[in-house]
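2 protein chains.
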Amino acid sequence: MRINENYGNLKENYLFSDIARKVNEYKASHPDADVIRLGIGDVTLPLCKSVVDAMVKATLEMGKKETFRGYGDEQGYSFLQEAIADYYKKRGVALDISEIFISDGAKSDLGNMLDLFSTDNTALIPDPVYPVYVDTNILAGRKIAFLNANEENGFLPLPDENTKGDIVYICSPNNPTGAVYDREGLKKWVDWANACGAVILFDAAYEAFISDDSLPHSIYEIEGARTCAVEVCSLSKTAGFTGTRCGYTVVPEALIRGGKPLRKMWLRRQTTKFNGVPYIVQRGAEAVFTDAGQREIKENIAYYKENARIIADALGRAGIAFSGGVHSPYIWLKCPGGMTSWEYFDLLLNKANVVGTPGAGFGKNGEGYLRLTAFGDRGRIKEAVERIIKLK
Amino acid sequence: MRINENYGNLKENYLFSDIARKVNEYKASHPDADVIRLGIGDVTLPLCKSVVDAMVKATLEMGKKETFRGYGDEQGYSFLQEAIADYYKKRGVALDISEIFISDGAKSDLGNMLDLFSTDNTALIPDPVYPVYVDTNILAGRKIAFLNANEENGFLPLPDENTKGDIVYICSPNNPTGAVYDREGLKKWVDWANACGAVILFDAAYEAFISDDSLPHSIYEIEGARTCAVEVCSLSKTAGFTGTRCGYTVVPEALIRGGKPLRKMWLRRQTTKFNGVPYIVQRGAEAVFTDAGQREIKENIAYYKENARIIADALGRAGIAFSGGVHSPYIWLKCPGGMTSWEYFDLLLNKANVVGTPGAGFGKNGEGYLRLTAFGDRGRIKEAVERIIKLK
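As they're listed, the protein sequences go chains A and B. The opening residue of the first sequence carries number 1 in our numbering; numbering runs sequentially from there. The opening residue of the second sequence carries number 1001 in our numbering; numbering runs sequentially from there.
Same shape as in the complex, but just chain A:
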């Protein structure tokens, strides 16, 4: 018996565990401190009415023999696939429902999608980045090359003639930097991937936060993407589903590698190693895409974006440099006074009782930055930024 030795190559602690430990230690020694958490990107507004109503109805259906549902197709119910196809259609993207796979969230699919690829491929991952892109490739023993995202390129790296890799991750709007690719930028990646036969894993988890209609929400708005890109999306941030768990992954029929349609491989992977998303949750997700659901979730997103504006305004007044916060719930700020990420994290925790996420936790280019999230309560956000400004 040999274990998967790649586990030994992971760093011992996960970013958010380190943060939790520091916060818990601080709270243990300062039991009366009023700590405000702007660290983990978790929503705080409740599920909207349309979703709750749909899930209550579905739960009651599950309690009656005539309307009970057992196993559904692993790839999801067609009622939800169709609702998602309609959502894409509004932006001019035509998808067949067989290309849409309902999932329990982007994190699962981003990790599991790697089952389709040989472990001797090279993954091309932006730095800074959502840590699971890196960890899931380490677990498979894949080589990783990093794409530098920094102030010079506006945190939006582009390929050039030296760019080499097989699987490239693009997250736009970006976590953690809040940067968004425009059509031109994405077109460069699509052309590059089609030319060299790479596959783009496009993480669109924050697409609903885009404020400018000219920016692409989906990579399939770019010509040529159907032959090189998988798109992973989630209702976690779009509709407050972090604790309800539903997302979707698009694998276009035209995406062929090694002579095999990846759509068919993914279907086989999912039918073999997954049993679908709860019927009740799929009915809740369907409600997100109704007119009423869209109105309700847009109110919530507007609330978070107003929070982001409040943070951005305050940082601007305090002379702290930052990016993000316009098409994204994240503010990516430059630690004042040349502090490192963890120095500024400690200062904020100890002196302002505010918890951010150290940029260094997202990669070496994140050093010297800190991420704040706008998902909190309005009053608490205002209180937090006042404390941050005072500290300056």
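I should point out that these hints are in silico values taken from the structure, not numbers from a laboratory. Hints may be right or wrong, so weigh each one.
Unchecked claim - Heads up, simulated DMTMM-like pairs for lysine to aspartate or glutamate below, C-alpha to C-alpha not over 20 Å straight-line: (1) A:K64 to B:E1005; (2) A:K64 to B:E1299; (3) B:K1264 to A:D53; (4) A:K143 to B:E1161; (5) A:K49 to B:D1346; (6) B:K1264 to A:E5; (7) B:K1057 to A:D53; (8) B:K1188 to B:E1161; (9) B:K1065 to A:E5.
Unchecked claim - Quick look at which bits of chain A chain B covers, simulated, 3 or more residues with Cβ under 8 Å: (10) 59-66; (11) 82-96; (12) 199-213; (13) 361-370.
As the list claims (entries may be wrong) - Which residues of chain A face chain B? A partial, calculated answer using Cβ under 8 Å: (14) Y26; (15) K107; (16) S108; (17) V132; (18) E223; (19) G224; (20) K260.
Yeah, the Cβ is synthetic: ideal placement off N, Cα and C, and Gly gets one too.
Following the hints, complete the assembly by docking chain B onto the known chain A.
Frame of chain A; chain B shown alone:
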């Protein structure tokens, strides 16, 4: 870019897709036929009242800011881990809640658990067997050795001095044969695994159907199992959760391989590639383990077992040999007249309009057998067995 070439080693079609295709073809050419499906092992009784009430309550909580829940721990809420630990305690098995991982079902975990092991291990798989044990190992490129389960050993193979393998699958009560290991049998496997350093993946998905209190529900009832076995269980058949999706996997702290505690590796796997089960569903699962919930699900299980008894009685009267149906919702019958599995399947479909599952789909030792499930409606089951008997 190279794809995972192991996908090419899978058989083109999945057993249940083949069955669905045949049934659909038959129905297309016989639109008035009244087909009774005793094929796929899917439950038909609705969720019990305690579960529905708990999920409605949880859904309403998710709609209010004060009680809304975002991300939970990937390994599940402690309220559910504790309910499961109590359930084990009633059978004398003490588990720490950190050893209990809440999952979206046994199928996911049985597949994903393989991430922990090197791909150069050999998997030891009973034949006949639930097809996903085989397919998930093929996808990883692992060598597979089969354990013959047949009439001679009562479909319960045991290890001997020549048995070699690193990961061994034991499903008891068994799908498809309905056979159950007694303590002595499991002890032999536990001793073998501890002696050679193998890991047992114990699939307890049907434990709730055991009728005889002397038979083990959990492998941890056997001394020594904590150092060699992972147990995967599911509420799918126990509580009708096939469309609601919740299970649990136990990885004992004492299970160490390659110098690493597998519990810690699995925690890392789940925190990296999974985001937990919906809060609403976990509340539903918690209700299964209350006194009222246990009473309600036991009524449902009794209903299915009475169905199994009706099938068994009828087959007995018709002189068709079978096993199972006592501690399991499955009846494993020997096709009469020396027919092959698919010959008898076709005969039942065409002449009795009854759908079974051909034993050959579960492995070479399944040839000549057919599986019937007792999950259907009582009236339909009675109608089906009458048709089967008439055919004889």
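Keeping to a limit of 20 Å between CA atoms, is the pair of K64 (chain A) and E1005 (chain B) held or broken? Status violated; Cα separation ~45 Å.
Does the stretch 59-66 of chain A contain three or more residues whose Cβ lies closer than 8 Å to a Cβ of chain B? holds (count 6)
Verify the interface restraint on Y26 (chain A): the C-beta must sit less than 8 Å from at least one C-beta of chain B. violated, 21 Å
Against chain B, run the beta carbon of E223 (chain A) and see if the smallest gap drops under 8 Å. With a closest approach of 21 Å, the E223 (chain A) hint is violated.
Once the shortest beta carbon distance from K107 (chain A) to chain B is found, is it less than 8 Å? holds, 5 Å
For the pair supplied as a hint, K49 (chain A) and D1346 (chain B), confirm whether the alpha-carbon distance does not exceed 20 Å. violated, 50 Å
Quick check on V132 (chain A) please, does its C-beta sit within 8 Å of some C-beta on chain B? This interface hint holds because 6 Å falls under the 8 Å limit.
Against the 20 Å threshold, does the CA-CA distance of K64 (chain A) and E1299 (chain B) hold or violate the hint? Since the Cα atoms of K64 (chain A) and E1299 (chain B) sit roughly 15 Å apart, the hinted pair holds (cutoff 20 Å).
Using a Cβ cutoff of 8 Å, are there at least 3 residues of the stretch 361-370 of chain A near chain B, or does the coverage claim fail? The restraint on the stretch 361-370 of chain A is violated, since only 0 of its residues have a Cβ under 8 Å from chain B and three are required.
Pair hint outcome, K143 (chain A) versus E1161 (chain B) [Cα-Cα no greater than 20 Å]: violated, 41 Å
Can you confirm whether the C-alpha distance between K1065 (chain B) and E5 (chain A) stays at or below 20 Å? violated, 44 Å
Tell me if the interface restraint on G224 (chain A) is satisfied: Cβ within less than 8 Å of some Cβ in chain B. violated, 16 Å
Consistency with the previously given hints fails for numbers 1, 3, 4, 5, 9, 11, 12, 13, 14, 18 and 19, ordered from lowest to highest.
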